[in-house]
Amino acid sequence: MSNVPSAKQRSAWERFFKSGRQDSPFKRILIHLALIISSIIAIYPVLRVVSVSLRPGDRLLSTSLALIPPDATLEAYRVVLFEKEFPVWVWNSIAITSATAVIGVVLAATSAYAFSRWRFPGRSPGLVFLLSTQMLPAPMMMVPIYILASKLGLTQTYRGLVIAYSVTSVPFSIWILKGYYDTIPRELEEAALIDGVSRLSAFWRIVLPLSTPALAIVFLFNFMAAWSDYLLARVMIASERPLWTWVLGVRDFQSQFQTQWGLFSASSILVMVPVVALFLYSSKWLISGLTLGSVKG
Amino acid sequence: MKFLTPDVIWNSLREVGSTVLFIIAGTVLLEVLAYFLWSPLGVFSQAVDQLLKPLGDRVRSLLAGLAVVAAVVLVVAMVSPGQEPSPLAPYWPVAAVLFLIGLFISPSATVIFGWRLRLPYMLLMPALVGLLLLVVYPLLWELNVSFTNLNPRHFKSPDFIGLKNYVEVFTKPVLKQVMFFPVFLRTILWTVINVVFHVSGGMALALLLNRKMRLRGLYRTLLIFPWAIPQPIACLAWRGEFHYEYGFVNIMLQRVGLEPIQWMSNPTWNFVAMCITNIWLGIPFMMVIILGGLQSIAGEYYEAAEIDGASAWQQFRHVTLPLLRPVLTPAVILGTVWTFTNFNVPFFINQNELETSDTLVTALFRSAFQYFNLGDAAAFAFVIFAILLAFSIVYIRVTGGLKGATE
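Protein chains in written order, with the working numbering: chain L, -6 to 290; chain G, 2 to 408.
In short, the hints are calculated from the structure, not lab data. All of these numbers come straight from a predicted model, not from anything done at the bench. Honestly, I wouldn't trust all of these hints.
Stated by the list, open to error - Heads up, simulated DSS-like pairs for lysine-lysine below, C-alpha to C-alpha not over 30 Å straight-line:
1. L/Lys144 - G/Lys165
2. G/Lys177 - G/Lys165
3. L/Lys144 - G/Lys157
4. G/Lys157 - G/Lys177
5. G/Lys173 - G/Lys157
6. G/Lys213 - L/Lys20
From just these sequences and the hints, can you work out the full model?
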């Protein structure tokens, strides 16, 4: 084949954007440079938060850009952990969030299976309805949910929050899980059905184990949605300080009138580290699950 | 001041646990009821079916539709927006009966209550009830309120004022000073700027990362960072960094010899600050999605294209983009809707100060929770919802993006 272009004949553009095996050293340096700059942009604001959290109390406001301040101290962390209600708030968030994420996953996993494997009246309208709930602006639901909750005596309690959070991510989760179930061949279950296994236990023993990645993603989404929600928490429990989730607390440290920079930064870091670790750890699943669901195999 | 004592831990565990138990018990009850009622209902629907056969399917569907719509209208009217219960409230059994009549008249009743579909409906039941309670009921309430003048002056007994609120969304200021269309245009600008940067930035980074190279895992991890951080923290941290004197943005501007910028009080710069924050937040999601899509494209396509003498741009245009479409289309729809309805970034960066920085969603929040014009806000909310829905339908039609997804 004479018309295969040799490396020399390629244009500069081509050499740059080909995901090639034989990148020139110059191009490799350029790519690394671009990625290093992007990475710095991605993490610099976070590093700044770390830096502020380490500053001693009298130097919180400074125009220095040094990432590790001259006399770094963990004082802000001590105050946040032992002198503020911050641990209570984090505990509240953990209790509410883990309960709701589990319920949300269970609700979505079963419904998505029905949507994926059966044709029933109301199926297409149902799926369209689930999709269109994604277009509801969040504040739109807050007034009625608040009124409903106050009529049932559920405001300023965890109960209202737990119930509301369990359902909010369900539509999106159903879509993701349905897409994933669709990629699992039906023959697997049919074979099991012929062997005399019930439909439900085929679901439990074959489909669910095969969709662990998608379930993990959905759990993560449910968890993150409830974990970093501000709006619903503010509407439902704002006036009961001991019930606050960490978001309300952190927001309070950075209030309109007086910002406690040290406390804000230290508590942000404390909340962020476990979540970011979990997120980065599961990012591989996340990628495969998100794309599998949409590409359908 | 309250600390994390065993008492506090136990109390919250008990309250969350009891709620979970309540949900489980409700679900079990529902399922048992459905399990035992399904066959009798099936028999009943067969009988009704025999009885109504002469009517024909068309007439039956029409009648059923009418009955269900009547039931929904009655339910909407029964929901009271004010303090006193609506005078129609005692008639809820009528609505229920109407709904049941509609259900059983319809020709699909025998299919619905057939034994074959008992399991799927039972699987759907808990989520269905949850969504009815927390999405459908609030929506009906909101719909009802949007026809009334519920606001601080008429809180106890709002009056029915028809479509006045909907007209006023467009003819009167939606907040204290700003009209609907400037906010709408700003929101569109906000969405377009953000989505364009998200997709192009995500695409560029994904193309750079989609090769064998050293440190690839490290770069990817670092680049995902903004997505991993809880949004309120990211937004509040950025807000701090836009501080006139002590934020790093202005410090850096001054170091390179530029004038510092009034990020918080100048409307234009405030908007720019919101965009910067959201672009920073949103690129990793697109990058991850596009990277996943790129990796699923087999190398043979590129080899074939290369043999045919396609340049890199041609390969990108004719191989990469078309094959990315199944991944990209849902991602762009979701990205657009999420950006359009993004609450955290405009809210936390602006902290409800400048009305001129509000997008539709924060304007809605302000109108409802700061000015308590609930009636106006409800109509406003439905207008926003209609805009988003229209956009999505058009987009899906044009790109054929979700073809087959609902089949």
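Given the proposed pairing of L/Lys144 with G/Lys165, does the C-alpha separation stay at or below 30 Å?
Since the Cα atoms of L/Lys144 and G/Lys165 sit roughly 28 Å apart, the hinted pair holds (cutoff 30 Å).
Just to be careful, I want the Cα atoms of L/Lys144 and G/Lys157 compared with a cutoff of 30 Å; is the pair within it?
Holds, at roughly 15 Å.
Would you mind confirming whether the straight-line C-alpha gap from G/Lys173 to G/Lys157 stays at or under 30 Å?
It holds: about 24 Å lies between the C-alpha atoms, which stays within 30 Å.
Given hint G/Lys177 paired with G/Lys157 - CA-CA distance at most 30 Å
holds (23 Å)
Please verify whether G/Lys213 and L/Lys20 have alpha carbons no more than 30 Å apart.
holds (13 Å)
Between the alpha carbons of G/Lys177 and G/Lys165, is the straight-line distance 30 Å or under?
Distance of about 18 Å is within 30 Å: holds.
Going through the hint list in order, the structure satisfies each hint without exception.
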